[in-house]
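Chemist: Could you put the whole structure together from the sequences, leaning on the hints where they help?
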Amino acid sequence: MAELTYRAAVARGIAQEMDRDERVLLIGEDVAGAGGVFKTTPGLLERFGPRRVIDTPIAEQAILGAAMGAAMTGLRPIAEIMFADFFAVTWDIVVNQIAKTRYMTNGQVTLPLVIKTGNGGNLRFGAQHSQSIENWAMAVPGLKVVTPSTPRDVVGLMAAAVRSDDPVLFFEHKGMYASKADVPDGEIVDALGTSVIRRPGTDATVLALGLMVPRALEAAEMLASEGIDLEVIDVRSLVPLDTRTILESVSRTGRLFTVEENPQLLGWGAELVAIASDEVFWDLDAPPVRITTPHVPLPSAAALEDSVIPGVERIVQTIRKRLV
Amino acid sequence: MSWPLQTHPYGEHAPVLPPMENRDFDHAALDRSTRLGLYRRLQELRQLEKRAYDLFMRNLVKGTSHLSLGMEAISAGFGAAMRPDDYTFATYRGHAHTLSRGVPMAPVLAELMGRANGLLGGKGGSMHLTSVEHGVLGSYAIIGAHLVIANGAALSAQLRGSGQVTVCFFGDGTTNIGAFHEALNFAAVYSLPVVFVCENNHYMEYTPIGDITAVPRPAADRAAAYGLASRTVDGNDVDAVHLAAQELLAQARAGEGPSLIEAVTYRHGGHSRADPGKYRPDKEVRAWLDYDPITLYRGRLGRLGVPAAELDAIDREVAAAVDEATEIARNGAEPDIASALTDVWADGGSSWRN
Numbered sequence: 001m002a003e004l005t006y007r008a009a010v011a012r013g014i015a016q017e018m019d020r021d022e023r024v025l026l027i028g029e030d031v032a033g034a035g036g037v038f039k040t041t042p043g044l045l046e047r048f049g050p051r052r053v054i055d056t057p058i059a060e061q062a063i064l065g066a067a068m069g070a071a072m073t074g075l076r077p078i079a080e081i082m083f084a085d086f087f088a089v090t091w092d093i094v095v096n097q098i099a100k101t102r103y104m105t106n107g108q109v110t111l112p113l114v115i116k117t118g119n120g121g122n123l124r125f126g127a128q129h130s131q132s133i134e135n136w137a138m139a140v141p142g143l144k145v146v147t148p149s150t151p152r153d154v155v156g157l158m159a160a161a162v163r164s165d166d167p168v169l170f171f172e173h174k175g176m177y178a179s180k181a182d183v184p185d186g187e188i189v190d191a192l193g194t195s196v197i198r199r200p201g202t203d204a205t206v207l208a209l210g211l212m213v214p215r216a217l218e219a220a221e222m223l224a225s226e227g228i229d230l231e232v233i234d235v236r237s238l239v240p241l242d243t244r245t246i247l248e249s250v251s252r253t254g255r256l257f258t259v260e261e262n263p264q265l266l267g268w269g270a271e272l273v274a275i276a277s278d279e280v281f282w283d284l285d286a287p288p289v290r291i292t293t294p295h296v297p298l299p300s301a302a303a304l305e306d307s308v309i310p311g312v313e314r315i316v317q318t319i320r321k322r323l324v
Numbered sequence: 001m002s003w004p005l006q007t008h009p010y011g012e013h014a015p016v017l018p019p020m021e022n023r024d025f026d027h028a029a030l031d032r033s034t035r036l037g038l039y040r041r042l043q044e045l046r047q048l049e050k051r052a053y054d055l056f057m058r059n060l061v062k063g064t065s066h067l068s069l070g071m072e073a074i075s076a077g078f079g080a081a082m083r084p085d086d087y088t089f090a091t092y093r094g095h096a097h098t099l100s101r102g103v104p105m106a107p108v109l110a111e112l113m114g115r116a117n118g119l120l121g122g123k124g125g126s127m128h129l130t131s132v133e134h135g136v137l138g139s140y141a142i143i144g145a146h147l148v149i150a151n152g153a154a155l156s157a158q159l160r161g162s163g164q165v166t167v168c169f170f171g172d173g174t175t176n177i178g179a180f181h182e183a184l185n186f187a188a189v190y191s192l193p194v195v196f197v198c199e200n201n202h203y204m205e206y207t208p209i210g211d212i213t214a215v216p217r218p219a220a221d222r223a224a225a226y227g228l229a230s231r232t233v234d235g236n237d238v239d240a241v242h243l244a245a246q247e248l249l250a251q252a253r254a255g256e257g258p259s260l261i262e263a264v265t266y267r268h269g270g271h272s273r274a275d276p277g278k279y280r281p282d283k284e285v286r287a288w289l290d291y292d293p294i295t296l297y298r299g300r301l302g303r304l305g306v307p308a309a310e311l312d313a314i315d316r317e318v319a320a321a322v323d324e325a326t327e328i329a330r331n332g333a334e335p336d337i338a339s340a341l342t343d344v345w346a347d348g349g350s351s352w353r354n
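As they're listed, the protein sequences go chains A and B.
Read in UniProt numbering, the first sequence has 110 at position 110, and its numbers run on one by one without any break.
Read in UniProt numbering, the second sequence has 168 at position 168, and its numbers run on one by one without any break.
FYI, nobody ran anything at the bench for these hints, they're computed from the structure.
All C-beta atoms in this analysis are idealised placements derived from N, C-alpha and C, irrespective of residue type, glycine included.
Don't take each hint at face value.
Claimed, not checked - Only part of the chain B face toward chain A is listed, based on derived beta-carbon distances under 8 Å:
1. Ala179
2. Ala183
3. Arg253
4. Asn354
Claimed, not checked - In silico contact screen, one side only, chain A against chain B (beta carbon under 7 Å); selected entries:
5. Arg51
6. Pro57
7. Gly142
Modeler: Given below as structure tokens:
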């Protein structure tokens, strides 16, 4: 057991898989010599060499095209898109090519491919380097979508993503890179499509993702002192989705809150609320509530960014108002 | 061979054709059986696409299709030069690219007709023909996308040391999209074993490429800027294409990196099923119909002493094969409706939740 930062966990997860399987390679801007712009991949070049850890031009289509072609022909690439916002530059390759190819070819082509990226805000980077785009990916058939919230999960879910025969979008929360937690020694492998109950509780189910998980947990501790006992679930994987754990919890607590960093309109919380309404409606004691960023691009100034991304105080107030 | 086809001042797109009786390759180092094989392939591509068109007119093929009638020499010439385990990346105008790797006709026609025995079980259609077992790693309907993907297959071959070469076909219109430029730079930087083949048929969908491109050779003129060797070739002369393909594939296989070839040709029809191609000057169309790759090749084979009867026999054999493939395709079952929900994921299904 060692304390590890979230960013160091990324490198450890990748190294674990590159060690295990020589078909795994890493490709992206500044991932090799520089060790990643967020220092998520230091040491990999020295350890695995320039044939497997490859710096690329600033050319997102070329990066993901190369990863896709390599995945079609026997390798298991991990490609980095530096900021999740830049997915917009490469959306054709992601949506029209990577996501659809297995289906269009009637199962002939398998794409064991991971695209890792820095997602989310909290670093005051402004609208083009801060947004949370997991909703975009979730809406596309053929993409798996994962967002770890702890260093341990970074390693375990990275392993699951690399071992998946399907394309996985791996959303690292860039606002969490400096966070630290204990990570067990040895190989860690999770399963995609598994959520984790971070805090058991009886009064309401709170669903969160990425940076919203520690905030929801902090809010739960504050409300616990007021006698409100929240169950906090780290969704971790939007596709595939662990509806079993989530619905079982909602049925038990009778209340549902989602805490999302993305804008509310068509956010993943809307889908989960719809599923709960459809399948456990009679177990609900009140309408589900979504706590989200408003429908705005993310501002840069600290005060402004903090005012729109759900913070502990807003989570506490919203839940308190609804439950008391 | 470098072939100065036209001067192409802005707005003028009437191509200057080479002499009708193109003797340049009459004495090229190609044996009789290779040439007869190329001739047979030209006939297969031509006759199968004509049949596809007929089936469209009879409403047995739905959706759309993009035929490469008149452009067959490029696919045929490259296909015959490739190793069985080499990779092809095709465009949405990809019937010929696919067939020229040895993919049988019946599953191709069945796919066009949306049948269960189609190459993709009816899930892909005309624009997405793929046959992994023949090295045909897909036909791509978004302009330019497959150039960057072809690089990935080439990178993989390079890392695995497999000696495989990737051949990536694309049209002249592709040369103005960003992915083309990203792809060429990327291939050159890593010295990838990939051959980019521009099929310049003079029209970017409905618009003459010369009207909206500032250089006369939209692909070849730009290759050097990215560090790629390039050349142009008479895309209607199957011998010219085949010899160039042999050379470029050998270079790539020897580790000499990527190359680009611009094969100048012309499509006999419009852009797609819906387009009669009326925007093209009659004189231009007539000239290119005369300069047909099959007519051209029959002329050469005749000069080399191949009896017309022998070529006619090949034509008839191909016609019989196309008829047989049509029957197999027409008799194919409709796809099982349940198959609409398979193969989103590697487990064979489409379920996104537990």
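Chemist: Hint by hint, say whether it matches the structure.
Modeler: Evaluated hints:
{"no.": "1", "hint": "Ala179", "verdict": "holds (5 Å)"}
{"no.": "2", "hint": "Ala183", "verdict": "holds (6 Å)"}
{"no.": "3", "hint": "Arg253", "verdict": "violated (16 Å)"}
{"no.": "4", "hint": "Asn354", "verdict": "holds (5 Å)"}
{"no.": "5", "hint": "Arg51", "verdict": "holds (6 Å)"}
{"no.": "6", "hint": "Pro57", "verdict": "holds (6 Å)"}
{"no.": "7", "hint": "Gly142", "verdict": "holds (5 Å)"}
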